[in-house]
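4 protein chains.
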Amino acid sequence: MDKEKIAVGLWLFGKLSDRFMVYHGSRTLEEKMKEASKLKQIQGLEVMYPVDFKDEEIDKFKGLLESYNLKVASVIVDHFCDPKWMHGSFTSSDRKIREDAIQLTKRAMDVSKQLECPRINLWLGQDGYDYPFQADYKVSWDWLAEGIKACAEYQPEVKVALEYKIKEPRTHIFIATVGKALLLANAVNLKNVGVTLDTGHALYCGENPSESLILLDRCGKLFHLHLNDNYREWDHDMIVGSVNFWDYLELFFWLKKIKYEGWFSLDVYPYREDVVSACQQSIENMRTLMGLVDKLGVERLATLVQERDATKTAEVLRGIFK
Amino acid sequence: MDKEKIAVGLWLFGKLSDRFMVYHGSRTLEEKMKEASKLKQIQGLEVMYPVDFKDEEIDKFKGLLESYNLKVASVIVDHFCDPKWMHGSFTSSDRKIREDAIQLTKRAMDVSKQLECPRINLWLGQDGYDYPFQADYKVSWDWLAEGIKACAEYQPEVKVALEYKIKEPRTHIFIATVGKALLLANAVNLKNVGVTLDTGHALYCGENPSESLILLDRCGKLFHLHLNDNYREWDHDMIVGSVNFWDYLELFFWLKKIKYEGWFSLDVYPYREDVVSACQQSIENMRTLMGLVDKLGVERLATLVQERDATKTAEVLRGIFK
Amino acid sequence: MDKEKIAVGLWLFGKLSDRFMVYHGSRTLEEKMKEASKLKQIQGLEVMYPVDFKDEEIDKFKGLLESYNLKVASVIVDHFCDPKWMHGSFTSSDRKIREDAIQLTKRAMDVSKQLECPRINLWLGQDGYDYPFQADYKVSWDWLAEGIKACAEYQPEVKVALEYKIKEPRTHIFIATVGKALLLANAVNLKNVGVTLDTGHALYCGENPSESLILLDRCGKLFHLHLNDNYREWDHDMIVGSVNFWDYLELFFWLKKIKYEGWFSLDVYPYREDVVSACQQSIENMRTLMGLVDKLGVERLATLVQERDATKTAEVLRGIFK
Amino acid sequence: MDKEKIAVGLWLFGKLSDRFMVYHGSRTLEEKMKEASKLKQIQGLEVMYPVDFKDEEIDKFKGLLESYNLKVASVIVDHFCDPKWMHGSFTSSDRKIREDAIQLTKRAMDVSKQLECPRINLWLGQDGYDYPFQADYKVSWDWLAEGIKACAEYQPEVKVALEYKIKEPRTHIFIATVGKALLLANAVNLKNVGVTLDTGHALYCGENPSESLILLDRCGKLFHLHLNDNYREWDHDMIVGSVNFWDYLELFFWLKKIKYEGWFSLDVYPYREDVVSACQQSIENMRTLMGLVDKLGVERLATLVQERDATKTAEVLRGIFK
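Residue numbers (the working numbering), protein chains in the order written: chain A, 1 to 322; chain B, 1 to 322; chain C, 1 to 322; chain D, 1 to 322.
Hints are computed from structural coordinates only; laboratory data are not their basis.
Note that beta-carbon positions come from the ideal geometry of N, C-alpha and C, so glycine has one too.
Careful, some of the hints might be misleading.
Below, a sample of chain A positions facing chain C; criterion: calculated Cβ distance under 7 Å [to be verified]:
(1) Gly14
(2) Asp18
(3) Arg19
(4) Cys81
(5) Lys138
(6) Asn192
(7) His236
Based on the sequences and whatever the hints tell you, model everything.
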C-alpha cells in the first residue's frame, strides 16, 4: 500500500458535537495539525475552508503543511456550518445568499490553488428541504446547475467534486445519490466538474459503494473518495470497515481493478473515541483490506464477478482466513 | 377530474401470490377484462406482454378492449416473470438471453402499435445482483444502454419508459433511482427513451415523489406514472394514499402545476383485499386528493412553496378540513 | 379538546443545534418561559433537570409557573447532555458514574415533588453502544433494572416513565422499543415504573404508534406521551402530523377510545422554524385530528377496526373531507 | 465445531418462489430428504408441518430420518402457507379459524413427540395487519397469549418457541421484535414457552443479534436459533455471513460464551442459487466464524467487551487475518 495516498479531515481534530453534547472540544489550527501529524502513514489533509483556517492564516497553514510534510487532498467549502446557510446556499431563496455561495466557492478555488491542491469538494448539505411543499424543485435544480457551472468556469484547472448525501442535516438533500450527482455533473457538462464518492453516504442510501464507484469511473467523473462506515441507515461516520466488511473488500478490489490513483480520505467522526486512534484504526483496516485483495488476487476476484455464483464466491472469499 | 385518464394493471385481476401462499387465483383474459370493467371511471388498462395475453390472443384482446371501451395505457414487457430471466435479461451473462430480451422488447413495440398504445414500459427487475462480487457493474451498464438503444431505434414512434426500482426481486436492481434512470435515459440519448415514475418505488428509496416528478419533467423525460402506496421501506403496493397523505397531496399539486396529461396508472397489489374494491378506493382517493388541490388552489400552494415556511404551510393545509 | 392537557418541552426555546451549526441560540429561564407562554392552549411544560433550571432556581421557576399559570407535566432527568454521561449513565462501566446517575434521578424525584409534578421521564439515550463487541448486554440490562428499581423505590409516589428510542445519539440504545421498555418495566415490577410513548420514536423503529399505545395501556404502563413526526427513519422531531396523517388519526382515535387523561407533550425540535410557530402548528394539527375523530365517530371507527376491511375503511375515512 | 449441531430447513429443497416467478420447483418428501442429505456436517432437519410431510407420511418420514441418520431439530407449524390463515391464525376475527390454529398446534406437538423432537416453532407471520385501523391490538394480544397458553399447557414437555419477525408477509406482524416476543412469553408464564432467535429477523428490525441473544438467555427463554443473512432492511434469507461479518463474529463469540448447546438451524432461501451449495457455504461460513472466535480467544474478546474501546477492539479483531 506504499503508493496509496491517505488523507484525513483536519476538522476531526477540532470540536465534535451533536444536538445533545460536545464530545471533543475546539482546537487551534496548530493544535489540529499537531494531532493529525500523530497519524502514521498519512500523506495529506482534507480541510474545510474557512472553518479550519481563515484567509489570514493561509501562509501559516502552508508553513505547517511543509513542516509536517503533508499535502492538501481537497478543500471543502463551508456551505453548511455558517448559520447563514441554514436555509440553503446555492438554492437559497435569497439571491444575495446564492451569490455569496458562489463567491465563497470561487474564493476557495483560489485558496485551493495557493495550497497546491487541484480540487475543491462541494457538499451542499443545507440545500434541500425538510417538509412537503417546501421546495421549488425545478428552480432549485436550475440554480444548482447554474451556480456550479459559474464556479467551475472560473478556474477550469481546479476540479469541482460534488459530494452527494441523501439526508442530514436536511431530511432531504437535493444532491442525494450517485445518480443525481452524475446527472448534475453531466448537465453542467464541464471537464472539471465531477463527483466525490463518500462510501458511508452510498451505503445508507441503499447503494453498493462498488457499483457507485464503477458508475462514476465509467463516466470519467470519479473525482474524490471519502471513507467511513455505518449500519446502512444513517451517516454514523464510524471507523472504516468496523461494521461492513465484504462491501469494503469488494470496494478495494474495484479500486485496484480500475487502478485508482486518487486520495483515500478519512471522513470519520469519532464522537466518543480518541480521534487519533479512530483514524489510525481506519488506516490499518484499509491496509488490511488492500492486503486481502492482493492475497486473493485481483484476477481471481474478477473471474468470480464474471461467474456470478454466490456460492463459489463464498468458497473463495474464505481464502482470506487461510 | 373528468379529464384525467385512469388506467389499471390488468394482471391485478389474475394470480396474486408471495413466497408463502396464493392470495388470488388465476383468471383467463376474458375474466380479467370483466373484472377490470367493474371499475368506475377508468379509461385504460396497463398490460403485461406476453403474460396477460399471448400473440395469438391479440385480436381477441382488441375486441375486448373495444367492447369495454378501454384503451391500452402502456405495454409492460415481461423481463421478470418468465424463469429464463432469473439471472437478468438485458444484463444476463448469457448472450442468447440478452438477445432474447431485446427481441421480446421489439416484438412488444410491434404489439404496442397494434394496440394503438404509444408506449412500452421496461421494468428490468431481475437485472441487478444479490451478493457482493456478483456483478460487473461497468459491463452491465454498457449492456443496458446498448440494449435499450437498439430497441428504441427499432420503433422511434413508440416511447420506451424505464421504470426504476431499488430492490425486489433482486437485493440490488441496476435501474434503482430517479437519478440512475435519468442518467441511463440521457446516455441513450433518444427522444423516445424516458422514465416511468412509480410513486411507491420513489417513496421507498428515500425520494419525495414530487421532486422525482419535477426532475423528470424538467428533463423532458416524464413518460408514465404508476401509483400505489407503502411505508417507505418496501414495495407493498397498497391502496393509493392509504399510508401517505401529504406526499400525495403535494404530488397531485405538482401534477396539476405541470399540466400533466398522461395516464394515472394503478399498480397496486391487493394481497388480501377484494381487488376491484382496492382499485376503486385508490381511484376515489386520487379523485379526493385532486379535489383538495383545487380547493386549496394551485396558485396559493405555489406561493407556499416559494415561501418555504413549514409553519405557514401547515396553517394553510388544514384548510382542506374546513 | 378543552379537556386535553397540552404541554411543551421548555428546552425547545433554548439552544437548538446539530453537529454542523447552532440554529437557535441559548436563552435564560425567564426568556424560555416567556417564549413558551406565547403558545395558545397549553397548560403545562415539560422540563429538563438540571438543564432548564438549576437547584437554586427552583423557587424562581415555581414563581414563573404560577405567574404564567402553567403546570409541570414531567421532569426529564438529564442523563444525556452532560458530557459525564458520554459513555452511559445507569450502564456506565464506571461505578461512580452509575451511582451519580441514580443520585441525580432521586434528586429529580424530589424536585418533581417540589414542582407538584407526579412524574419523571427517564430517557437513557447515552446508554447503549456504537460498535460490535462494545457492550456486556447481560450486565447492562442488570444495571438498568437495578438502578431503576432503586430510584423507583426511593419515592413510590413519583412515577418513573421510561422513554424508549432505538438510536441517536448511540447507534444502538438499550431501551430501544416498546417491547424492551415494557420488558424492563415488568422486570422492575413496581407500580410506579412505566413507559413514555414518543410517537416519533415508535414510527422510526417500525412500530405503529397506535399498537404501541394499546400494548402499554393493556399492561397498565402508559405513563406519558410525547408527540412529534418524522419520515419513519430518523428522529427528525418535526411538526406533529406534518408527514404522517393516517397514523396520527388512528392514534387520536385510540387515545379517545381508551379515555386517555394524561398529557399531550410536544417534543418537536424545529431546527429552522420559528419555535413558537412550530409548536402552535403542532397544537392546531392535534386539535384538528381530534376533531376529525369526533366527526367520524369513535364507535364507527371501532366498528371498522373489527371488520378489518381496508377498502371499506378507506371509504369511511374519506368522510373527513365531506 | 464437532459438537455443534447443525440443522437445515427441509422446505428449502422444495418449491422456492416470490410474487414474480418460481425459482426452484416442488419435490417429494423423499426427494427433499435426498437433497438435504447431500450436505456435509448436518445432524438435523427443521420441518414444516403439515407442509413437508402429511400425517399419513409420518412413519415414512421417520424411516427416512433413520436411514439418513438425521434428527428433527424443530417442527414449524404452518400458520402462514395454507390460504385459510390469510387474515391471521391465532388472531383471526373468525373464532373457527382461531380454534383451528390451536388445534393444528396441538397436533403438531403430538407429531413433534412422535418424531422425538422436543420443540415446535411458532412463526405467526400472517398474524398482524397491513393498514391503519385494521387491528384491535388489545384483543389480538389477548388472543395470542391465551392461544399460546392453551397449546403450551397441552404438552408441557414440548417446548413452544415463538419466532419473531417485524414484517413480511404482513406490513406489521404482532410478534415483531425480541422485546415483544419476550413480553408475550413472560405473559404466558409457562416454562415451556420461549423464543426462537432468527438472526436475519433481528438484523432487519434494527437489533444487534448478539444483544437479542443475551437478552433471551438472561430470561431463560432462548429456545432455538435460525441463521441467515440480509442487508438489515428485509428478510432476504441469504447465505450466513455473506453480507454481515462482524455481527456474526460477535454472535458466535456470545454463543460460545453462554455455552449454547442448541441447534444452529439454517433458514436461508436461495432464490437463484443451487440450494445445496448455498446451505453448504452457510455451514462453512459458520465453521469459519467459530474457528475465528477460538483463534482470538473467548476470554480475550470478553475483556474487550468490558473495556468498550472500539479502537482497541479493531486492533485485536484484525488478528483474525494474521
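Okay, the hints, checked on the actual structure:
The beta carbon of glycine 14 (chain A) comes no nearer than 12 Å to any beta carbon in chain C, farther than 7 Å, and the hint placing it at the interface is violated. Taking 7 Å as the C-beta contact cut-off toward chain C, the hint placing aspartate 18 (chain A) at the interface holds, the least distance being around 5 Å. Interface restraint check: arginine 19 (chain A) against chain C, minimum CB-CB distance 5 Å, threshold 7 Å, status holds. Restraint check, cysteine 81 (chain A) versus chain C: the minimum CB separation of about 5 Å is within 7 Å; hint holds.
Hint on lysine 138 (chain A) is violated. Least Cβ distance to chain C is approximately 22 Å, over the 7 Å limit. Taking 7 Å as the C-beta contact cut-off toward chain C, the hint placing asparagine 192 (chain A) at the interface is violated, the least distance being around 27 Å. A cut of 7 Å between beta carbons decides the hint on histidine 236 (chain A): the least distance to chain C is about 5 Å, and the hint holds.
Checked against the numbered hints above, the structure breaks hints 1, 5, 6 and satisfies the rest.
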